[in-house]
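The chain contents come next:
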Amino acid sequence: MERIPILKMGRLLLVTIQVDMHDRLAMTLQDDLMARIVKENAKGVLIDISALDIVDSFIGRMISNTAGMAKILDAQTVLVGMQPAVAMTLVELGLTLPGVSTALDVERGIKLLQASLE
Amino acid sequence: MNKDGLVVLATVIQQYHAELLDGWLQRMLTGAIRRDKTAENELSQQASQFLPLLVKAIEGGSTDSIDGANWDDVRHLLTEFSAARVRQGFSPIETASFVFSLKEPIFAYLRVAMASEPLRLIEETAATSSLFDRLGLFTIEVYQKTREQIIFRQQQELLELSTPVVQLWKDVLALPLIGTLDSARTQVVMESLLQKIVETGALIAIIDITGVPTVDTLVAQHLLKTIAAARLMGADCIISGIRPQIAQTIVHLGVNLEDVLTKATLADAFVIALKRTGSSIHHPQREG
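Residue numbers (the numbering used here), protein chains in the order written: chain A, 1 to 118; chain B, 1001 to 1288.
The hints are simulated quantities; they were obtained by calculation from the structure and are not laboratory data.
Computed from a predicted model, the values in this text were never measured in an experiment.
Accuracy of the hints is not assured; some may be wrong.
Stated by the list, open to error - Calculated Cβ distances over 10 Å to all of chain A for the following chain B residues:
no., residue
1, 1023
2, 1073
3, 1168
4, 1180
5, 1187
6, 1198
7, 1203
8, 1229
What the hints assert, rightly or not - Straight-line alpha carbon distances no greater than 35 Å define the calculated DSBU-like cross-link-like pairs of lysine-lysine that follow:
no., chain 1, residue 1, chain 2, residue 2
9, A, 111, B, 1145
10, A, 71, B, 1170
11, A, 43, B, 1145
Each residue gets a CB set at the ideal place from its N, CA and C atoms; glycine is no exception.
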């Protein structure tokens, strides 16, 4: 089955979504990510969605939920690389992802996470 | 509508072509407000093109409406004529009189041609009159449509003109908003802001609303949407240029701007933006 790889960088987990997200894939990613956070004792999660042109309400909510779950497991989530069109769509859908930190690209996202870890 | 009646009209136009053209131009030029040689030449050229097309259309089929295929050429000519007149700044009356001023000369020659049959003359005149009314109304409609297109284009241009995104400093953008914010403008503003954030990698965007005349709940909601979208891209927004009256209105309306950083002037916002991005400005002469 198709899976989205989760990379470990020190105490951070890095997820880059390069394929079109469908609902089952999103749920699998959520399960995998939670398992990895516990296993690696990760303190930060970085989700890169720069390759995604379409984010629907389900995926939007999934990201929001993932951040909430990670928070309970004591890991901070940063969402990076959102396309302008995606940002506008999410705002129109009313999904402003209030609990999720955001950054423009992976580099800044990592900086943000490291700053909060220190 | 009686078919052979308008056939008489067609033959009359063909028979008295030159005289009609003369009478028609005479009427148009006496009614015209502005007169110059090039305009007169153009007019006589268009008039002489129009008559044969009219004959062809009448002979080509139904004259009950001018929507049929046989009227294509006539409509095409009138459309071009009307559109040109809009651009030249003619009024609708001046434009429609092109068709209407042909009526009188045609009636005169119909009377000559059908002098022996008064009853058919009346019928023919009525049918001709209603045909020209339709053609005249068509020119007015085209005139209106062309006007609307011009207005629409100007609106578009205004929209693009009024939403510049400027880079103030490394990582700092400014968006000076001028004019009322409606949904369509918010969309354009949001698009250009987000695009600029991607291009410049900006961390902070200052939205200056000094030029926004009023802020109601809808405008505030549009602002909050823009800020939320920018935040999703990883950029923070500061609202600046809030005038005292607008601050009062916002509170009276119960709009919640508590999650947004607001400053009274663009200068204040800029100082905050510099501090956040780790830059600072020194004034050596003052320190010394």
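Okay, the hints, checked on the actual structure:
1. 1023: holds, 62 Å
2. 1073: holds, 46 Å
3. 1168: holds, 17 Å
4. 1180: holds, 20 Å
5. 1187: violated, 8 Å
6. 1198: violated, 6 Å
7. 1203: violated, 8 Å
8. 1229: violated, 4 Å
9. 111(A) / 1145(B): Status violated; Cα separation ~56 Å.
10. 71(A) / 1170(B): Status holds; Cα separation ~32 Å.
11. 43(A) / 1145(B): violated, 63 Å
The earlier numbered hints that this structure contradicts are 5, 6, 7, 8, 9, 11.
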